[in-house]
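Starting from the given sequences, assemble the full structure and let the hints guide the process.
Chains as they are written, first to last, in the working numbering: chain A, 130 to 611; chain B, 112 to 443.
The set of hints was computed from the structure by calculation and includes no laboratory data. Please note that a few of the clues may not be correct.
[Unchecked claim] Simulated pairs of lysine to any residue, SDA-like, Cα-Cα distance not exceeding 25 Å:
#1 A:K269 <-> B:M112
#2 A:K269 <-> B:N114
#3 A:K328 <-> B:A135
#4 B:K390 <-> A:R185
#5 A:K317 <-> B:V432
#6 A:K317 <-> B:G359
#7 B:K330 <-> A:K328
#8 B:K330 <-> A:P220
#9 B:K330 <-> A:V513
#10 B:K330 <-> A:D183
#11 A:K269 <-> B:A135
#12 A:K269 <-> B:K330
Listed below are the residues making up each chain.
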Amino acid sequence: MTDAATDRRLIVGPFNRVEGDLEVHLDVAGGAVRAARVNSPLFRGFERILEGRDPRDALVIVPRICGICSVSQSVAAARALEGLAGAAPPPNGLLAQEIMRAVENIGDHLTHFHVFFMPDFARAAYAGRPWFGQAEAGFKAAAGSAVREAVAARSNLFHVFGIMGGKWPHTLTIQPGGVSRAVDARDKVRLGAIVADFKRFLEGRLYGAPLETVAALAMPGELEAWRDHGPAGHFRLFLEIAADLGLDRLGRAYDRFLSYGTGLAPAGGIWQAGAAGALDPALIAEDHSHARMAGRERRHHPFDGSTVPDGADEDGYTWCKAPRLAGLPFETGAVARQLVGGQPLIRALAAGEGGTVRTRVVARLVELAAAVLDLGQAIRRLDVRDAWFTDIRLPDSGRAMGLTEAARGALGHWLRVEGGRIAAYQIIAPTTWNFSPRDSDGVPGPLEAALVGAPVADGERTPVAVQHIVRSFDPCMVCTVH
Amino acid sequence: MMNLLWLQSGGCGGCTMSMMCAEAPDLLATLDGAGIDLLWHPTLSEATGAEVVDLLQAIVERRQGLDILCVEGSLLLGPNGSGRFHMMAGTGRPMIDWVRDLAARARHVVAVGTCAAFGGITAAGVNPADACGLQYDGRQKGGLLGPGFRAGAGLPVINVAGCPTHPNWVTETLMLLAGGDMAAGDLDLYQRPRFYADHLVHHGCPRNEYYEYKASAHKPSDLGCMMEHMGCLGTQAHADCNTRLWNGEGSCTRGGYACINCTAPEFEEPGHMFLETPKLAGIPIGLPTDMPKAWFVALSSLAKAATPDRVRRNAATDRIVVPPTVHEKRKR
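Structure representation (C-alpha cells):
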C-alpha cells in the first residue's frame, strides 16, 4: 500500500566511497524504493581513444581506464593481443601476470570492506545499536583504527608490485607473451614474506582465525555460530551488524550470475535458476536504448559494437550501455565466481537468501581468505630458472577477445585490427553489467532491480539502506562507461 | 590547520589509489601530521549525497572557507563546450562549472595527476570528451581556468603531474603548502613542483651501465638499456622515479618497461608506438636532455665499441648470465 504523503522522487549523489561517479534516481512510495534508475554521469570515451592506434598501445591506454583495477584491464588487453597472435605466455609469464592480478583483486577486496563499505555503519544514525561503539572505533571514515590498519596493510601488500610490476597502478610489466621482468630467487623469497605478513594481518584483525578456516566455511549455520561465539574480528562484527539490520534480506537482484574465470582457474560459467551452466560469450550483446549512445535500433555483440555518444538523447539517462547474456541481465562479482567455482557456503546462501547485501560481502570475505592462500601457492610455483616472456608477432588484421576477472567481476575486451591498427575496441566492465540501465524490453539492470523495496525513512535525502545496497556491489564507475 | 577539498573529474581515480600507498608515515597519518583536515574526499569521507552538495554550496557562497582545492582527472568541456560529459552527480550541473566556482574561492589549487594538469590520457586520440587540464591544454597554457588564473594565495595551479602521481609527490606538495613553503620559484616551466621535476627518471636507473655502453634491450624482459629500441624516455623525463622508488622498491625501468614520460604534457601522443624508439638513420630522434647530438653520436659509437662482453651478453637476457669479475687482491 502506498502512502501518498511520503511519495517522492530522490536524486542521490554525489555518491562517494565507490570508485568514480554515480547518481541514483529513486521513486519512493510507502517508505520504500519503488523504482530506481542508475546514472553513470562521466563519459571519457576510451574505446574511441584506442581507435587508429598500434594495437600494442592498448597496453598503455587501457590500464588508465581505471585506477583501482588497472592490472585487470592490462590482463584483458594482453589476453586479447595474445588471442590475436594465436600465442600464449610461458607458464611463468602467465603465473606472474595472474599473481599481479590476484594481488590487485585482494587489495580491492580489502579497500572495499574497510574503506568503502563498513564506514556506513559508523554513522550517527546507528548510534543506538549494540555494535555501534565497535563500528565507530574501527570504521569511522578516514579515522577508524581498522580503516587505517587496512590502508597500511594494503600498502605493504602492494610491495609485490614494487618487485614484479615496477609500480601500481598502471604497470606495463604485463605484456602479451608474459611479463617484462624476471623474478629471481631473492625476489621470490621476498614475495613470500610480503604475502605471509599480509596473511598475519588478515588472521589477526579481519577474521581472528586461520584463513584456511574461513575458506572452508560450508554451511550457513556456521555463520550464525561465528556471529554468536566466533573469534573477535571485523568479520564477526559484520555478521552481527548484518543480523541486526537484516542485510540478508536487502538488495536481492535476479540471482543470475556470470564469471569469466581467470588465467589460473580457467573455468568461467554462469549460475542461473539455482544451477551452474556454461557461458557462451557469443550470446553477449549490448543494448543502447536507455544509454546516451547512438545505435539504439538493435543489440550489438561487442565485435560489432559502437561507442558514439549522443548527448541530445532524451530516452537515455546514463552513459552506461546495458549488456545482456542471451537477452537477460546478469550480476557479476565475487558471488558469481564462488558460485561457479562451487564454494559450498556461497551456494547455500544463494539457495537460501539469494544474492543479498550479506551474500555479496560474505562471498568477498571468503574469497579474500582463499585468494591469499592461492597467492602464496602461486608464488611458490614460480620457477626462477625458467622463461618469463615469449616474443610474439601480431598479425596485421584479425579479431580476438580477452576475458578476465577484476575484483568486482567479469571484464572483457573485444579487439578488431585492420592494417596493423585498432579498427574497433569494445570493453564490457563488471560494473557495466551490474549497474546497467534498462534495456529495450524495459528490464532494469541488476542494481536497479536490487534497489526496489529498499526502505527509505521520512526525511532521508540520501537513504542509508540504498547506500548499503549500492556499495555491496563494489562498483567501479570509471570502468563502467570508460 | 588547513582544510582540503578533493574532486575527481575525467580521470581514472588512480592518483587517489596511488596516494593511498603512501608509507612511513601512511597517508592518513601524514595528513594529520601536516595539519590538513579533509573537508571531503570522494574515496575517504563519510559524507555523501545531499551533505556534500550542501558543503560545496557553502564554499561557493563563502560560508565555508577553502584552503586547498585538489582536482584529479581532466576537465571535460564536451560536448560542444557544455561540460555535459561530466555532470556532478546529484547537482544537475557540469563539473567544470563547479570547478570554476570553487577554484575562485580556494587559497591554493592543485592539479593532481597529468589529466588534471594537462589533459593527459583522457585527451588522447580524437579526444572524444574534449578533455583539458586546469590551466593547460596539452602544452598550451590556458585550460579550463585560463592562463592568468591565480589562486587566492597568489600561485597559479600547481601541477603535480604524473600518470599516476607518486604518493609522496602529492603529500609533500600538500605539506609544503600547509607549511607556507611553496613559492612561484618552486615550480618549473610547466608549473610542476621542482622538488621532483628537477630530476630525470634516468637518474638512479639500475640500467645506467647498459646505457653507458649502449648495450640495448631488444624485447621485453631483456636487462639492457631501453632507450635505443624500446621507447624509453628516461633521459628526457622530469621526475625522480628511480631515486624515490614506487611501492617499496619499484620504478618503470625496474619493472622492465620504458619510461613513457608521463609527467609531461602531451605524453599521451608521442607520435609513434609507445614502446618502440623512433629513429632516423639508426639514431634515436629523441636524445637525452642537454646533450648535443654530435657528441651523443660520437660517444655512442665509441661506447658500443668498448662494451665489455659481460654487459653485452647480460643486456640481451632476463637475468645476469655473466657476473662482474671478482678481482683477487694481488691482481689489483
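Checked hints:
In summary, the hint linking A:K269 to B:M112 is supported, as the alpha carbons are separated by about 21 Å, within the 25 Å threshold. Proximity of A:K269 to B:N114 is assessed by CA-CA distance (about 19 Å); at most 25 Å being required, the pair is judged to hold. Restraint check: the Cα-Cα separation between A:K328 and B:A135 comes to about 21 Å, which is no more than 25 Å; the hinted pair holds. Taking the CA atoms of B:K390 and A:R185, the gap is near 18 Å; set against the 25 Å cutoff, the hint holds.
Pair hint A:K317 plus B:V432 holds up; C-alpha atoms about 18 Å apart against a cutoff of 25 Å. The suggested pairing of A:K317 with B:G359 holds, with an alpha-carbon distance near 15 Å, which does not exceed 25 Å. Taken as a hint, the B:K330 and A:K328 pair is broken in the structure, with Cα atoms around 36 Å apart against an allowance of 25 Å. At most 25 Å may separate the alpha-carbon atoms for a hinted pair to count; B:K330 and A:P220 meet this at roughly 18 Å.
Taking the CA atoms of B:K330 and A:V513, the gap is near 19 Å; set against the 25 Å cutoff, the hint holds. Restraint check for B:K330 and A:D183: satisfied, since their Cα atoms lie roughly 17 Å apart, inside the 25 Å limit. A distance of roughly 22 Å separates the Cα atoms of A:K269 and B:A135; the hinted pair therefore holds under the 25 Å criterion. Between A:K269 and B:K330 the alpha-carbon distance is near 48 Å, which puts this suggested pair outside the 25 Å criterion.
Consistency note: the structure conflicts with the earlier hints numbered 7, 12.
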